[in-house]
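Spelled out from the first residue to the last, the chains are:
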Amino acid sequence: MITNDIFGALQLLIVGMVTVFLVLLIVIYLGKLLIWAVNKWAHEETVAKKSVPVAKAIESIDANTKAIIDAAISQLTGGKGRASKITKL
Amino acid sequence: MTAFSDIIASNGTYLIMYLLAFVLLYLGIVKHFEPLLLIPIAFGVLIANFPGGDMGVYQADEAGRIVDASGKVLAENIWEMSLPQIAHDLGLMNFLYYMLIKTGFLPPVIFMGVGALTDFGPMLRNLRLSIFGAAAQMGIFAVLIIAVASGQFNIKEAASLGIIGGADGPTAIFTTIKLAPHLLAPIAIAAYSYMALVPVIIPLVVKMLCSEKELKINMKEQDKLYPSGQKMKNEKIIKIIFPIAVTTIVALLVPSAVSLIGMLMFGNLLKEIGSDTSRLFDTISNSIMNTATVFLGLCVGATMTVQAFLNWTTIGIVVGGFFAFGLSIASGIIMVKITNLFSKKKINPLIGATGLSAVPMASRVCNEISTKYDPKNHVLNYCMSSNVSGVIGSAVAAGVLIYRYVLKISFQLFLVDFGVDLGARPQGHSELWPKRLSQKMPKSNKNNGR
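So the sequences go chain by chain: A and B. Using this note's numbering, you'd call the opening residue of the first sequence number 1 and step up by one each time. Using this note's numbering, you'd call the opening residue of the second sequence number 1 and step up by one each time.
Hints are supplied without guarantee of correctness; some may be wrong.
As the list claims (entries may be wrong) - Which residues of chain B face chain A? A few of them, derived with a C-beta cut under 8 angstroms, are:
1) I131
2) L144
3) N154
4) V246
5) V250
6) L253
Unchecked claim - In silico DSS-like cross-links for lysine-lysine, where the CA-CA straight-line distance does not exceed 30 angstroms:
7) K32(A) / K346(B)
8) K236(B) / K224(B)
9) K32(A) / K236(B)
10) K345(B) / K32(A)
11) K40(A) / K224(B)
Bear in mind the hints are in silico, worked out from the structure with no lab data behind them. Bear in mind that the values here come from a model prediction, so they are computed numbers and not experimental data. The beta carbon of each residue, even a glycine, is placed where N, CA and C say it ideally should be.
Use the sequences and the hints to build the structure in full.
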């Protein structure tokens, strides 16, 4: 009984390792084929535009408007406050 | 009325189980060893071992018969019982176990979540290194032979023990449910414990097999010296097509691995598609995976009752599991060494050591080892390649082990349905054919080895 089982285990070792190597080799060459095909036919990936940081967002507002808002805040808070974020509604 | 009289009468066996539960809880809570799994498992162990609590899982024999420790028959044939009947007669935990675990439902669901959290990018960028994910499966089959030769395990039990070497919890559970469900608890505990001990086991094996010169091999410098030809112009498209293509190929070659690989790749596909499927991705990687983990942990823990756990087989599994793990790491390293003999472009042997699936812990540990020898030598991305391919490799290995038995029986059933006389009842997995075979075939007198 044990001899039969050892023979079965040896069979599993050979079949199992061959299958695992075969499948991963296929996966590797499939990956290479995909990369080759996509490189050939698909357009190059465009890098997504980064979101504009807050500081730049403030800069994008008209300088005159920003100066008026800053002056108003300064007057209201006695020079202690400042605008950290300005968004259009 | 209380549980004290049974606990006292048990000669301390229940106390051993409580101690084990407390140790596992300590490892999970204080030492942070795989807390997401060890804590539910440990709590499952605790609640399953209070006499009269009805929270322990009963394992049915081949005919579906369930007998308790005192010899009382609790169910004549559980495969013919409805789920509400199981809940009523055997308790809540048996209802959950037979519905979620025994059907093999939860491991593929967890694989789906794992797929959603896996990035195949490093693997696609270093495809050549993926082959070491195959080499590292050697431990599974080596321990299978050793376990059979020891005479303590039959071949199905040995296969379930060997799969611990794949270092993949859901795969180990899935294989064990199919081949040796009565060993589910010790195998799940051993698999997750050794995965938690990856930071100890990998350095130990690496120290035994690798020289300092080998560990200092700088992969980035090797890439500069011998650049690989292919660069990816559009990684997003490749990453979307890859899971679909791999599922199709694996399904054709090893159909029994589809439940694991298919779900892994489905989860990954939802991740890679992006905003169109972001809601599904969010659900499978959080809500579904977390729910599955809770029930898997509790049910596995609840299978660890005094009767099922305190025996020599469990000790054999703990020892064998360690060897399976160690041999898997060693075989990956040896494969790298052999490759280095024939290749100009040298590979750091740590990349072979990460061929088992414990993602991403194995890669992180190997990166720490390499930076210890050379602070500028970061191998994480390269290790991730073999590490991720190891997930595919261990699922395929499990598929081969399951295919060997379950499909063989399916074929026998097919023959029986068409009136072919097989002479005797095929061995194992009687739950798959309780009515048809009992009507059509004589029962075999052969000992099934359990």
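Against the structure, the hints:
1. The beta carbon of I131(B) is positioned within 8 angstroms of a beta carbon in chain A (closest approach about 6 angstroms), and the interface hint is therefore held.
2. For L144(B), the shortest C-beta to C-beta distance to chain A is roughly 5 angstroms, which falls under 8 angstroms, so the interface hint holds.
3. Interface restraint check: N154(B) against chain A, minimum CB-CB distance 7 angstroms, threshold 8 angstroms, status holds.
4. Look at V246(B): its Cβ gets to within about 6 angstroms of chain A, closer than 8 angstroms, so that hint holds up.
5. Proximity of V250(B) to chain A holds as hinted, the smallest CB-CB distance being about 6 angstroms (cut-off 8 angstroms).
6. The beta carbon of L253(B) is positioned within 8 angstroms of a beta carbon in chain A (closest approach about 6 angstroms), and the interface hint is therefore held.
7. With a C-alpha separation of about 21 angstroms, the suggested pairing of K32(A) with K346(B) holds against the 30 angstroms cut-off.
8. The hinted pair formed by K236(B) and K224(B) meets the criterion: a straight-line CA distance of about 25 angstroms does not exceed 30 angstroms.
9. Annotation: proposed proximity of K32(A) to K236(B) holds, straight-line Cα distance about 15 angstroms (limit 30 angstroms).
10. A hinted pair counts as satisfied when its Cα atoms are at most 30 angstroms apart, and K345(B) with K32(A) qualifies at roughly 19 angstroms.
11. Between K40(A) and K224(B), the direct Cα distance comes to roughly 24 angstroms. Compliance with the 30 angstroms bound is thereby established for this hinted pair.
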